[in-house]
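Enquirer: Each chain, written out:
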Amino acid sequence: MLGRVLCLLVVVMCASAEVRFNRDIRPILSDRCFPCHGPDAANRKTALRFDVEAGAKPAIVAGDAAKSPLMQRVISTNKTLRMPPAYLGHDRLPDKEIELLRQWIDQGAQWEKHWSLIPPKRVKVPGNGVDYYVRARLEREGWKPSPETARATLIRRLSLDLTGLPPTPEEVDAFLKDSSVNAYEKQVDRLLASPRYAERMAMRWLEVARYADTNGYQTDGIRDMYRWRDWVIGAFARNMPFDRFTVEQLAGDLLPNATLDQKIATGFLRNHRTTSEGGIVPEEFRVEYVAERAETTATVWLGMTFGCARCHDHKYDPISQKDFYRLFAFFNNVPEKGQVYNFGNEEPMIKAPTTEMSRKLENLDRELADAEREWERVQPQLAKDQRKWERNKPGEWSITRGLILHLPMDGAAAPLESVEGKAGAALRFDGAKELAAGAVAGFDYLDPFSIGAWIKPEAGDGAIVTKLEDYFEAEGYGLYLIGGKLQLVITKRFTDIGLRVETESPVTPNQWQHVLAVYDGTRYATGTALYINGVEQKLKVLFDDLNYPLGNKEPLRIGAGGGKRFRGAIDEVVLYRRALTPKEALAMPVLETVPEIAAMKPERRTKAQAAKLRLAFLEESAPAALKRLEEARLARKRFYGSIPTVMVMKESPGIRDTFLLKRGAYDAPGEKVTAGVPAVLPAFGERPENRLGLAQWLTDPEHPLTARVTVNRYWQMLFGQGLVKTVEDFGSQGEWPVQMELLDWLAAEFVASGWDVKGLLKTIVMSGTYRQSSRVTPELLERDPENRLLARGARFRLPADVVRDQALAVAGLLVEKTGGPSVKPYQPPGLWQELAGGSGYKQGSGEDLYRRSLYTYWRRTVAPPSMITFDAPNRETCSVRAVRTNTPLQALNLMNDVAYVEASRALAVRGGIGEMFRIVLSREPSAAEFAALQQAHDGFLSYYRANPGEAERFLSHGESPRDKSLDAAGHAARAAVASLILNLDEAITKE
Amino acid sequence: MEFTRRHFFSRTASGLGIAALASLLPRELSAAKGLSGLPHFAPKAKRVIYLFQSGGPSQMELFDHKPKLQEMAGQEMPESVRKGQRLTTMSASQSSLPLVPSMFAFKQHGASGAWVSELLPYTAKIADQLTFVKSLHTQAINHDPAVTFLQTGAELAGRPSIGAWLAYGLGAETENLPSFVVMISPGSGGGGQPLYDRLWGSGFLPTRYQGVKFRSVGDPVLYLSNPDGFPAENRRLYLDALEKLNRAKLDDYGDPEIATRIAQYEMAFRMQSSVPELTDLSKEPPRTFELYGPDSRKPGTFSYNCLLARRLAERGVRFIQLFHRDWDHHGGLPEGLPKRCKETDQPAASLVEDLKERGMLDDTLVLWGGEFGRTVYCQGRLTKDDYGRDHHPRCFTMWMAGGGMKPGVSYGETDEFSYNVVSDPVHVHDLHATMLHTLGIDHTKLTFQYQGRHFRLTDVHGKVVKEILG
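For the protein sequence lines, the chains are A and B, in the order given. Everything in the first sequence is counted per the working numbering, starting at 1 for the first residue and increasing by one. Everything in the second sequence is counted per the working numbering, starting at 1001 for the first residue and increasing by one.
Treat the hints with care, since some could be wrong.
Quick list of in silico lysine-lysine cross-link-like pairs, DSBU-like style, CA-CA up to 35 Å [claimed, not checked]:
no.: 1; chain 1: B; residue 1: Lys-1342; chain 2: A; residue 2: Lys-492
no.: 2; chain 1: A; residue 1: Lys-79; chain 2: B; residue 2: Lys-1463
no.: 3; chain 1: A; residue 1: Lys-842; chain 2: B; residue 2: Lys-1342
no.: 4; chain 1: B; residue 1: Lys-1083; chain 2: A; residue 2: Lys-322
None of these hints come from the bench; they were simulated from the model.
Please model the entire structure based on the sequences and the hints provided.
Expert: In structure tokens, the structure reads:
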């Protein structure tokens, strides 16, 4: 079958007799010869190569095919001589290809530079360029274009294409009634100005950008990139020129005085999959991320398969392996990790407030500043108040806020020995025994906590306070002395998930000293502090990769745990469920009571004593200004914490060296390379050798690829396939554009218009070519089955998101709200658990069920089933090529999924058979169609009249309320018809 | 309603050149037919049942008997064996790598004398029908890339899975069921490494070749059942009207896609009866449930899935893949491993027996195995009755049965640590090449052009392991 299509096409394409190298010959050489005689030096069997003219000289006698070794070898009957070689499993070349080679050589064997590397030239043409070229071509074939399609069909087509939603009956009527000459153009302008246009365009870009709500590998942890999606929608809504759209996404962070929006835009390069799988070699995956960015950028902007050159020189295109790593180098300078956080965004990331959030944050900042000023203002008064309070003989005070355990260690705790302590008695540990403190203090990795104690160590190693299984590499947390130094350990898995910090200086042996460990719950070593006698210690970070919840049911142990035992005395153990402040840390070791300090002369008090007194005073007197300050701080902190983040691009200070990686392996570095572009592409010039330079280079008006590749993608969106069908490959294995001049004209105009996307789309949809009827005549089908020459309009099934959005729209259920976090519409229960366990998919409710599909939560490893069934790309990697299949699973989905059953019920309330038909298809049913629907309706009706309980059940699907005043049997029968209409081929097709 | 292509042609001709339609219509329907020229030669196997044990079962406790380890228990792993090979970061920074022997006893079984662990008594009984490959090796060291590699021949996502390649190459033998079906069982612990839909995805092949997941909760196939309150009689009425309207559209517009759509709705209707018929076990005799074990009555268990696998095979499904989760025993291996064995041993062995009794084993290739093996050294805590093992890509064991394999053979050998392969290594690419070979496919010739390149399941590698073929 495929063969047949090809053969028809070849007939179409070869109507002009002259053989052309780029169109006819290069594809043969590329596919048949390049693997061994092409750009890949390592695989070249001899010096002979067919990717460059000079290399092919020995095999070709221009003008004389019979004398050319190339020809002799391909037609040889000797299997050992014949090319391509039989031993590689190849058969003799097809006669057609041999004939083309013969003609080409006989005609002089003219070579051409690969077509897509020659910049398109701007040409002036009369009228709409699309029609000019398409019609010229049809004339050459002796064909005529199809007539313009019916107006109702046209407005539905246009509306679905530009907004992803069908027109309302009112919109259809308005268009049908509008007899002005520019009636159609008015519709085009109206739809392009609609906010729905931006959402529609954003959906396609999300697929290109492999946008998702989860990381993709292994446990598929969550991420949150919706602020980047908001940026995309905004960019399309404002019709951001495509060159700026490019620069901001590839290098927004490098623009001078980059705005928040420009930084958010770079999320494009962080949308790739990441892994948090335990045990991976992080560098292996960091390299993977960098390579993925390079490959995606090459696919999206260059239409080149750079990924093929990752392990070896490209087999078909002039891209060396070195070229791949030169492109790689642009993306290799990000301060990032190979193993990422499993429960949220990973660095580098930024806070990405919406305008509204920014305003609220400003208000909170203002209130905080006011509160601080107020706090300063009341200081003199407070000082007076404190002196008065001191004179009034205050009682003893200690830090009790957040205190969850205080062990004074004063009583007997056999078999431990009671000794003289720092405050009352203490317990002495002998390096063997322990004190079990019970099932308390089960802090997890995001809980702030503080652990304090007095210790008098007799040995350099020992456990002070722990909560983990009794071996050092166990899961949990603990405060230790290791090698005489104080060490705080929080461990999930000792070898790769945890946090360990120790003091640079040792504690003093055989002396009492106060130790305090503070952790603020931010999971980084920067959030820890260790104090000895109230003095913050310099820390050495031993391990800093805490990214996973802890689980252990061990009791809290004093003087033991982690396989260590304490030797020496311990006194006054305290645990807090919060991070103590430096002032509190300073005050804690102060043994003098508040009354004692109050009685001292202020100038004789130590700093620590003064701090304790001050803390006691503030807590007891609770001045209003302090309360206000603390509340303002908390409110700001809470709100700031709720502001979404987005992962972005950032450059590390300095440049990370990039090496060619042999066989693509992360641990096999070869030659060192610098950022750059392949020699066959335009020179990089004086641009900065970073992502910004790369983005500027890509959007240079003279660049031969970017504009072509981009207009081709938009063409695909409207016509179902690109002018170059291999949307992802403009290289020598890619398709020769059937309408080369048209592609070039569109590309040149696009650049000349200032990369105006709306302008480009308008040009195309205004053309007569776009407006043709999509009827297929037997003759057209026979001669051009794939409609490459466009003698008819495009007719193809709607993309997955449009199928669903249309159903919601015609049912009147669609909730139109632009932007915001992802939502979780209906999904059959259990889909997440059966693959990954856990608590599974928590379906949303209310509005969340009825938002447009671009907001649907996208879990990469278990993507939304109805989207996948209708061929939506899975968002694992960049996807630019539209794929459409036609399967029974689609039929089941559309007939039985609660989303569509509910939509049918809702649509049934909007009118009778004729009206429902019109709402969905924008046209009146024919008499025969009406009769068929009526007949089905009557059948359903008699069933539901006879089985009223069934009618109730059929109307019970979905969360939206049902109008119970309607006759159930009638409603159910109409709902069944509504479903039928939604399942019509025409309903899910852009006609 | 019986719906055939002949029937279709006789009814859709109006207004259209019949010849044109005849050549163009079956673009989708011919998916059922596969590629012309395939199979490349006479196949031994017509179908595959692949019992994937996800997480990486330990070869040392199950098949790869290493008696010398008993003497070396607790000793440090010799560097001469490891030879600097990379470890996962889970054990790379472990302070010591102590050798740990299997806690479970081995015996030789059958005429072939195959060594099988006491944990697998049922498998042991059919040892003479199995082909053990003890020298399988892979390159990935972590689950995601390793499972992806076994499933698609590449560590990174994006390539088609084995089943998708077969659906694309060989087409389907049934029009009532998908040609590639996947079933998952979680293991009684409920945990284990997650799986991902892409493991049975079609990669860059058209999505119609992807595996269809048969589920144990809700509809076996997503959206299979008519909505509550909409019985089959209504559906028939509905589909008749739908066909009439779509056919009128086809007559008017002549787009062959409409003809395909009509056919797919009929196929959907057929699936609505063929799938429930498949999962209706009421006609299975009591002996069946005795054979597969008590779990075989419980949807969602490995045992139930094995029984369904046989029923799918009987109905012409080409590639049936079961995944059983939770074999990832980094710690607590002595407690966890016996449970997984108990869940899978009897049903897997019984499936082979059952196929044999029905005369189907000869043309059904059955495979059992995980994505990698486990290390000879202990990961984490080592006590007298507790230990764990880390991931080990350098050797692991898989067994195969039926479909052109040579029974009663053990192929390949590892060193006395079950660490390195010492003879007859079989790479994952070789396994794929061999699987395809049994199905009559030359693995170098089943290709698909994408991004300019002719992709294969075996990339540019793979050789058929002739020695294990019957």
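Enquirer: Now tell me, hint by hint, if it's right for this structure.
Expert: Here is how each hint holds up against the structure:
no.	hint	in the structure
1	B/Lys-1342 to A/Lys-492	30 Å, holds
2	A/Lys-79 to B/Lys-1463	23 Å, holds
3	A/Lys-842 to B/Lys-1342	33 Å, holds
4	B/Lys-1083 to A/Lys-322	31 Å, holds
Of the hints listed earlier, there is not a single one the structure fails to meet.
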